[in-house]
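A.B. asks: First to last, the sequence lines map onto chains A and B. Going letter by letter, the first sequence gives residues 1 to 107 in my numbering. Going letter by letter, the second sequence gives residues 108 to 222 in my numbering.
Keep in mind that the hints were calculated from the coordinates and are not lab data. Be aware that a few hints might be false.
Footprint (simulated), chain B over chain A, 3 or more residues, beta carbon under 8 Å [unchecked claim]: (1) 43 to 53; (2) 94 to 104.
Ranges of calculated distance between the beta carbons of each label pair, as one might list FRET restraints [claimed, not checked]: (3) Trp208/B to Gly58/A: 12 to 22 Å; (4) Thr104/A to Lys178/B: 33 to 43 Å; (5) Ser187/B to Arg59/A: 41 to 51 Å; (6) Ser81/A to Gly147/B: 18 to 28 Å; (7) Thr122/B to Pro107/A: 38 to 48 Å; (8) Leu176/B to Arg76/A: 19 to 29 Å; (9) Asn137/B to Arg76/A: 34 to 44 Å; (10) Glu15/A to Ser187/B: 28 to 38 Å; (11) Ala20/A to Trp208/B: 16 to 26 Å; (12) Ala109/B to Glu56/A: 27 to 37 Å.
Backbone N, C-alpha and C fix where the C-beta goes; we use that ideal spot for every residue, glycine too.
Next come the chains, spelled out residue by residue.
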Amino acid sequence: RKEVEQDPGPFNVPEGATVAFNCTYSNSASQSFFWYRQDCRKEPKLLMSVYSSGNEDGRFTAQLNRASQYISLLIRDSKLSDSATYLCVVNDDQFYFGTGTSLTVIP
Amino acid sequence: NAGVTQTPKFQVLKTGQSMTLQCAQDMNHNSMYWYRQDPGMGLRLIYYSASEGTTDKGEVPNGYNVSRLNKREFSLRLESAAPSQTSVYFCASSDRGSGSWDEQFFGPGTRLTVL
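Required output: the full structure, derived from the provided sequences and hints.
C.D. replies: So, in structure tokens, the structure goes:
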């Protein structure tokens, strides 16, 4: 069983739409959680950390459910520039990356 | 600050050849990592170094060796390249490692093809 599982998509949404990505993790002892963004043929970059209380950064909201071992990312009012692959990352004894969810925002 | 730098950016090898991928960071981070990224597999950890002088195996270490030359530099060596090692290799660094909330900073990647 993979440490971190994500729906690979692709998600194709119109500009202005709201889109949500989900991720599950297998190790209940995992300690920290993140969403990274990766543009085509580029390196991953941190989008936001995911705290138990949930956190928001502008149009982006991340939530963590430790009981269900589930992480989510919500993007509101999608922009063309949001088109990328979103990676769910879990840190316990080492960093584990999901395979990523591909998002394309269509004009 | 340059952040995390990697050389080379591209490399083509023949089966059995050896090479070393270089990585350096200028953020004074303690932890450094080597990942490979393959289609449909996501990033997988090859080796990491929690601090200068230490190295540990990750998820997929077979066929690779590493050296933490100093706090700044962490190299990855392929002793006898195989086609299965065709991949994109990313180096990363963070101030602290396992269990921390620290951000990982990635280099631009090395695209390696083994024929």
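A.B. asks: Each hint needs a verdict: does it hold in this structure or not?
C.D. replies: We went through each hint and held it up to the structure:
no.	hint	result
1	43 to 53	holds (count 5)
2	94 to 104	holds (count 7)
3	Trp208/B to Gly58/A: 12 to 22 Å	holds (20 Å)
4	Thr104/A to Lys178/B: 33 to 43 Å	holds (40 Å)
5	Ser187/B to Arg59/A: 41 to 51 Å	holds (48 Å)
6	Ser81/A to Gly147/B: 18 to 28 Å	holds (25 Å)
7	Thr122/B to Pro107/A: 38 to 48 Å	holds (45 Å)
8	Leu176/B to Arg76/A: 19 to 29 Å	violated (45 Å)
9	Asn137/B to Arg76/A: 34 to 44 Å	holds (37 Å)
10	Glu15/A to Ser187/B: 28 to 38 Å	violated (50 Å)
11	Ala20/A to Trp208/B: 16 to 26 Å	holds (23 Å)
12	Ala109/B to Glu56/A: 27 to 37 Å	holds (32 Å)
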